[in-house]
Amino acid sequence: MEQDWIFGLAGGLLIGAGGAVYLLANGRIMGASGIIGGLVDGSGHSTRWERLAFLLGVFAMPIVLTWLWQPAITHLTDNLMVVAIAGLLVGVGTRIANGCTSGHGVCGISRLSLRGMVATVFYILAGGLTVVFFRHLLGVI
Amino acid sequence: MRNLYALIAGALFGAGLFISGMTDTTKVQGWLDVFGNWDPTLAFVMGGAIIPMAIAWQVTRVRRTPLVGGSFPPPPEPKLGRNLVVGSVLFGMGWGLAGLCPGPSVASLSYGGVGGLVFMAAMLIGMGAAPMVRARLDRTATAG
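Taken in order, these protein sequences are the chains called V and F.
If you count the first sequence from 1, you need to add 3 to reach the working numbering.
If you count the second sequence from 1, you need to add 92 to reach the working numbering.
Bound conformation, chain V alone (with noise of 0.2 Å):
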């Protein structure tokens, strides 16, 4: 649709405003898989509590949203084996990287970080390569 990227805009902007906001009131890097990960296993700074209130942020807004603006839509396989290992790639990846989509791609390149800016050029090449292969070649996904 023509208005998608004002809508990827104007959603990227919130999503670095909750950034900023993690950074400036509480001192920590908004990384999904980094605040997700230490309730695993109990690593990095971040209180259990603290962890816990931004993904319940995180869970409750698209259910606020979807009840006042408009329904939620995702197109997500129903090949469970495809999510299943996903799912793990996505989690031993995020860990021993350090960092994911928010971490390294939003809050690493904002800060010029070059940690940050070499993993997000591998992981895009990596999921570029992934859904040639899948989709054009396998046609799986």
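Source of the hints: derived by calculation from the structure; they are not laboratory data.
Quantities reported herein were computed from a predicted structural model and do not represent experimental measurements.
Please note that a few of the clues may not be correct.
[Said to hold, decoys possible] Where chain F lies over chain V, by a calculated footprint (3+ residues, C-beta under 8 Å):
id, region
1, 18 to 31
2, 35 to 44
3, 56 to 65
4, 85 to 93
5, 101 to 114
6, 126 to 137
Beta carbons: idealized from backbone N, C-alpha and C, even for Gly.
Add chain F to chain V, keeping to what the hints say.
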């Protein structure tokens, strides 16, 4: 207060993911699909998110402490290392396969159906296994 600020930050993040369309796997896979029907939305989301964040990093230079006290994160580590690349490639593959990364997987949990729950469970298992995988990678790095 720390928890309230975290809730506000999470709410902004969740609202941003929802409004930008990043909780829809089609838009993410559409951005990665350069040989198909390419969808540029993700670039606008990234660009939009980086603007307030870059300003916030500038503010940390003037204000030396966060609102709740303590200190700001140290400057980014300049070392790249193999784990950064290996981890990012694994993450990218999973991201491309499902069209979900950690933030949107939480944001879409309420309407992602069984698949969303399976992804979340698998991601948590992967995160739990990561220290073991990392230790193995480090061993082969020193051995090789």
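Each hint tested on the structure:
no.	hint	verdict
1	18 to 31	holds (count 14)
2	35 to 44	holds (count 6)
3	56 to 65	holds (count 10)
4	85 to 93	holds (count 9)
5	101 to 114	holds (count 12)
6	126 to 137	holds (count 11)
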